[in-house]
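Novice: Sequence:
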Amino acid sequence: MRNSWQGSVEPQRSDVGKVVEWGEHPGAELELLTDLFDTPEEQEWQERALCAQTDPEAFFPEKGGSTREAKRICQGCEVRSECLEYALAHDERFGIWGGLSERERRKLKKRAV
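Counting with my numbering, you get residues 8 to 120 for the letters of the sequence shown.
Quick caveat, the hints were computed from the structure, so don't treat them as lab data.
Quick reminder that beta carbons are idealized off the backbone N, C-alpha and C, glycines included.
Hints should not be assumed to be uniformly reliable.
What the hints assert, rightly or not - Listed next, the in silico EDC-like pairs over lysine to aspartate or glutamate satisfying Cα-Cα at most 20 Å (straight line):
| no. | residue 1 | residue 2 |
| --- | --- | --- |
| 1 | K114 | E92 |
| 2 | K116 | E99 |
| 3 | K70 | E51 |
| 4 | K117 | E85 |
Stated by the list, open to error - Simulated restraints on C-beta separations:
| no. | residue 1 | residue 2 | range |
| --- | --- | --- | --- |
| 5 | Q60 | V120 | 17 to 27 Å |
| 6 | K114 | E76 | 15 to 25 Å |
| 7 | K70 | K116 | 27 to 37 Å |
| 8 | V120 | D62 | 14 to 24 Å |
| 9 | R118 | Q82 | 26 to 36 Å |
| 10 | E51 | G71 | 11 to 21 Å |
| 11 | S88 | R113 | 25 to 35 Å |
| 12 | R79 | E109 | 16 to 26 Å |
| 13 | E64 | E111 | 18 to 28 Å |
| 14 | V120 | T61 | 14 to 24 Å |
| 15 | Q53 | R79 | 31 to 41 Å |
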């Protein structure tokens, strides 16, 4: 769901818990509030992800731990691109997302700029 009125501001995670003053366009402000949370359509890919059926610890290894198993699982996952897109859009700082580590995602973002 995207904001429908001109001049809107995209919500940030830091906006959670803030008081919203209803102005001239309460419907648009309601959309802003709902944008703070993933909609069911945005979460649907997560239900199909192979990692949802495996041990999550493989995707969040201790510092210096192996990422090999998580990346192997990601290689065969049908929603790998959606996962990576989500991680980049939400600035995920931990774990393996879309087959890439946080460091690899940072490098990818730098190349895209």
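Novice: Evaluate each hint against the coordinates.
Specialist: Now for the hints, and whether the structure bears them out:
no., hint, result
1, K114 <-> E92, "holds, 14 Å"
2, K116 <-> E99, "holds, 12 Å"
3, K70 <-> E51, "violated, 30 Å"
4, K117 <-> E85, "violated, 26 Å"
5, Q60 <-> V120: 17 to 27 Å, "violated, 35 Å"
6, K114 <-> E76: 15 to 25 Å, "holds, 22 Å"
7, K70 <-> K116: 27 to 37 Å, "violated, 21 Å"
8, V120 <-> D62: 14 to 24 Å, "violated, 35 Å"
9, R118 <-> Q82: 26 to 36 Å, "violated, 21 Å"
10, E51 <-> G71: 11 to 21 Å, "violated, 34 Å"
11, S88 <-> R113: 25 to 35 Å, "violated, 18 Å"
12, R79 <-> E109: 16 to 26 Å, "holds, 18 Å"
13, E64 <-> E111: 18 to 28 Å, "holds, 19 Å"
14, V120 <-> T61: 14 to 24 Å, "violated, 33 Å"
15, Q53 <-> R79: 31 to 41 Å, "violated, 19 Å"
Hint violations for this structure: numbers 3, 4, 5, 7, 8, 9, 10, 11, 14 and 15, all remaining hints satisfied.
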